[in-house]
Amino acid sequence: MSVSALALSPLARGLFQKVIIQSGVASSKTLIVQNPETYLYRWADQVGCKPRFYFPGATRLYHENIRDCLMRLDASKLTAEARLSDGDFFATGLFAGGFLSPTVDGEVLPRMPRALLSDENYLRQNGVLDRSYVIGVTNNDAGLMADIISFIPGRPYFLLTDPSRVAERVKAAAKTQFEGEPSKEMLNVIDFVYTYPRNPDGSIPLQNVMDLTLDGAFLLPSLVFARALADKAPVYFYLFDHYPQLKSNSLFKGTSHAMDNIYLFDRPEDPSINLSFYANVFTAESEPIPAVYRSVLTSFAKNDAPTFTTASSTSAAWPRYDSRRKAYLAISTEPEVRTGVYAQRVSLWLDFLPKLARTSGFFSTGSGRAAYD
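So for the sequence shown, UniProt numbering puts the first residue at 1; every next one is plus one.
Where hints are given, some of them may not hold.
Pairwise CB distance ranges (calculated) [what the hints assert, rightly or not]: (1) ASP231 x ASN280: 36 to 46 Å; (2) CYS69 x ASP119: 34 to 44 Å; (3) LEU61 x LYS18: 35 to 45 Å.
Just so you know, these hints were derived from the structure itself, not from any lab. Cβ coordinates follow ideal geometry from the N, Cα and C atoms, glycine included.
Take these sequences, add in the hints, and give me the full structure.
Structure (structure tokens):
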């Protein structure tokens, strides 16, 4: 995400020509802190660094006192005693936001990234359109939340699948894509698409929850970023669509957030570390993945027109992403060019829901399922 923020910054003009953005972009509203002072003061209070008195006109001294106190603490105290996000993490998840993120400071980021992306004059004047971009996500970036659960004794996945918590997640996801309070009609549509059919006990399948989080926190912001630039600069989109061999009782599937880097860099001595829900990452089936992934990104770095190697060992062109065809590269044991990544879910958010919002309004009083009454 920091790469995309730097690519939008006026301070980076002329510094580089190629950008690779993996699983997270600045256009995700959940990853940009709009009011950093709020987080700073709360954090300082939690770790005992908030001064007792504040004098108007002495803001700089107040902040310097906080900074000096924080610098005297070790990292373990800073992280152990501070809450890193708002609200119930397992309810709102990656939509909760947190203070360990870039902020709109007026210098590195002069405005919110989505506002910058919609300003073509700004993009041209600051060299954003003078670069080529690779933007991609994995097929289960949101799996990192299930990974967190896997380290809790008893693996209480119900923290993610309980309907009341998922209802909060649906609301949070809608608020990250649209301004204002989403209507009940909008929430009911999102709820139906992502939470039905349900399990016999009434809970929501874990993979459905992962899909909702993947779309809201990773995929949609990445596509917003790509679409804003695609007709003005070279943009190449990919989906890391490999499915590692999971344990037989796994409740979800796919490649979790940052898991693709295992195949990109040198093989770790013990790949099972922090991969407790995987049975075997490096199987005979996955053997081609490292070569495919590395060749794709190095081809982009070296060439104006990147290529990839097909399953039949022939070289093929990686087409640019555009607003019409929406072509992307699916990176797997058999890489191929496809069109419309998760097309129905993406169209829900970028086509249907905006129309519904214009029809029903964000403050509609229409009836809905129990979670939204």
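| query | Which of the stated hints cannot be reconciled with the structure, identified by number in ascending sequence? | reply | none
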